[in-house]
Amino acid sequence: MPKTIVEKILSKSSGEDLKAGDYAFADIDLAMANDITAPLAVQGFQKIADKVWDPDKIFIPLDHQAPADSINAAENHKMLRKFAEKQGITIYDVGEGVCHQLMLENHVKPGQLVIGADSHTCTYGAVGAFATGVGSTDMAAAFATGKLWFKVPETIKVNLTGKLPKNTSAKDIILNLCGKIGADGALYKAIEFTGPTTKQLTIPSRATITNMAIEMGGKTAIMEPDKKTKQYTGTKPPEWLKSDPDANYIQEIEIDVSNLEPQIAAPHQVDNVHNITKLEGTKIDQVFIGSCTNGRFEDLEAAANIIKGREFSKDVRVIVVPASRAVYREAEEKGVLKTLFDAGAVIEGPCCGPCMGGSFGLLAGGEVGLATSNRNFRGREGSPDAEVYLGSPEVAAESAVQGVIAKPIGDS
Amino acid sequence: MSRVWKFGDDISTDAIIPGRYLTMNKPEELAEYVFESERSEFASEVEEGDIIVAGENFGCGSSREHAPLAIKGSGVDIVIAKSFARIFYRNSINLGLMVVVSSEADKIEDGDEIEIQGDKIVNKTKNESYGIEKAPSFIENIVQNDGLLNYVKKEML
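Going down the list, the sequences are from chains A and B. With numbering that gives the first Met the number 0, the residue at position 314 of the first sequence is 313, and numbering never jumps. With numbering that gives the first Met the number 0, the residue at position 57 of the second sequence is 56, and numbering never jumps.
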């Protein structure tokens, strides 16, 4: 029977011949929980078991409220360090980076089945893994057994063609798709990105795209691995890791990126997407460049290239958060952080930052933010009366210079 | 009989419980802030046994289990919607918050008195009844075992 890439991975991990719609328990290759979701997972795990199934396959990054912004957060971190030490689990402590970036940089390989107690776990499809977000109780069960139940999703195929115009990037592709199919357009489904444009994209750019599958309700997103995947992960992708030509898709979408304008998601829905032309001139108070969507080196570099020789508007606060220590180091060594700092940015240590509205960078009532992150739900980044727009690093940098939402004119 | 709190489409986990409250892990603590930005009167006025009714894609966004926990902590133990976001749906089943899919959820209004009788929703205010989508047997098996952890303990450990 012809199969999609996700049917193949779940079949292999469960040892059963599965197709979309089937349910099965499957073996997990890697499991990740962060400082927000791990405390509940640990509580659940302790109700049913004493020893985790395999400490080498479980990772706990402290990234959402890092450094601890309250005594409660500090107590959660302390408890997780103790749990990890007792179980022999790797903990990525405060300052190491955002969970998804750390998993991509260090652990995830093509063809794996990965779960993360964070909705943006779908990011790892950038290297050809089946990766999906779960809750803390699912994670507790996986901690104990190394297995979890899955419904095999139907797949939406998105065929990307054409070459991205100057000053547009992966974020514009994925925002455009969110606008096209809506916040529930991929509910319970996988999204497979294919076509010549995907081959042109770097792995970090692919991760920007797969990261936001959840914003359409998707269970996961995936791209067939290639030479770039092999180079990034240091692993040769397995031969079987591609959809069969006659595999069954529930929907097929064509996007020619050649004429794509910079895209903006307007408050308060990720699918409220417009060409930037419609929103140019909207006054902003804060810009956030970072997150598991757009906090990688190429994102910071793109922003720096836009502002070279210019300064951020005095009326705009700019917060830059590299997604990991490796990103931070590269951005520092190549002068990118200096460019951003000199233009007026606050550079914070690697963490999730303002994206989840937890530890810093909250907006006051009536304020307007522009972020490179993945969600702009009401109340997420501070006051319910604040407004958040989403855009690419290029748009974020240009808008920070002009003090209003603006089309990039710099040289990215 | 239960009073209905009616919500629209795409109610996100941030609308249910914003990120700044996620260091709390107890349902009753979280419940003090549930729907704070969406409907500020909810936390103080909701009563034990009230029911939430919503449109499409309820619980979209984060994987945080604090969202179903906060709803449970408020005394609501049933959410009816036209559709649920995937992770929220799983989390609710795992925690024992009853999630009911009904394509007729639109017909229920804020303040209606409703109850679930077997495989249908009965609206006492309007004297109507609506169908419920039956959950797959794989999921019912987990629910009947009183949640995922009990199932795993009994069947897999």
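For the record, the hints were derived by calculation from the structure and aren't laboratory data. Predicted, not measured: the structure shown is a model, and the values here were computed from it. Keep in mind that a hint or two might mislead.
Unchecked claim - Cross-link-like lysine-lysine pairs, in silico, DSBU-like; alpha carbons within 30 Å at most:
| id | chain 1 | residue 1 | chain 2 | residue 2 |
| --- | --- | --- | --- | --- |
| 1 | B | Lys81 | A | Lys156 |
| 2 | A | Lys81 | B | Lys81 |
| 3 | A | Lys77 | B | Lys152 |
| 4 | A | Lys150 | B | Lys125 |
| 5 | B | Lys25 | A | Lys56 |
| 6 | A | Lys406 | A | Lys337 |
| 7 | A | Lys150 | A | Lys77 |
| 8 | A | Lys179 | B | Lys5 |
| 9 | B | Lys133 | A | Lys56 |
| 10 | B | Lys153 | A | Lys46 |
| 11 | A | Lys156 | B | Lys152 |
| 12 | B | Lys133 | A | Lys7 |
| 13 | A | Lys146 | B | Lys5 |
| 14 | A | Lys179 | B | Lys119 |
| 15 | A | Lys146 | B | Lys123 |
| 16 | B | Lys152 | A | Lys150 |
| 17 | A | Lys85 | B | Lys5 |
Query raised in the report: Under the criterion that the straight-line Cα-Cα distance not exceed 30 Å, is the pair Lys146/A, Lys5/B satisfied?
Result: violated (37 Å)
Query raised in the report: Within 30 Å, alpha carbon to alpha carbon, are Lys77/A and Lys152/B?
Result: Between Lys77/A and Lys152/B the Cα gap is close to 28 Å, so the pair holds against 30 Å.
Query raised in the report: Is Lys406/A close enough to Lys337/A, meaning Cα to Cα at most 30 Å?
Result: The hint holds at about 23 Å.
Query raised in the report: Taking 30 Å as the top limit, are the C-alpha atoms of Lys81/A and Lys81/B close enough?
Result: violated (42 Å)
Query raised in the report: Is the hinted pair Lys133/B and Lys56/A satisfied, with a Cα-Cα distance of at most 30 Å?
Result: The given pair, whose Cα atoms are some 36 Å apart, is violated under the 30 Å limit.
Query raised in the report: Does Lys152/B pair with Lys150/A here, judged by a C-alpha cut-off of 30 Å?
Result: The hint holds at about 21 Å.
Query raised in the report: Given the hinted pair Lys150/A and Lys125/B, is their alpha-carbon gap at most 30 Å?
Result: violated (37 Å)
**Report entry** Restraint check for Lys81/B with Lys156/A, where alpha carbons must lie at most 30 Å apart
**Finding:** Roughly 25 Å between the alpha carbons, so the hint for Lys81/B and Lys156/A holds.
Query raised in the report: Lys85/A and Lys5/B: Cα distance at most 30 Å?
Result: violated (46 Å)
Query - Restraint status (C-alpha distance of Lys153/B to Lys46/A at most 30 Å) - result: holds (12 Å)
Report task. Compare the distance between the alpha carbons of Lys150/A and Lys77/A with 30 Å, and conclude whether the hinted pair is satisfied. Result -> violated (35 Å)
**Report entry** Holds or violated: Lys25/B to Lys56/A, with C-alpha atoms at most 30 Å apart
**Finding:** holds (28 Å)
Of the hints listed earlier, those the structure fails to meet are numbers 2, 4, 7, 9, 11, 13, 14, 15, 17, in rising order.
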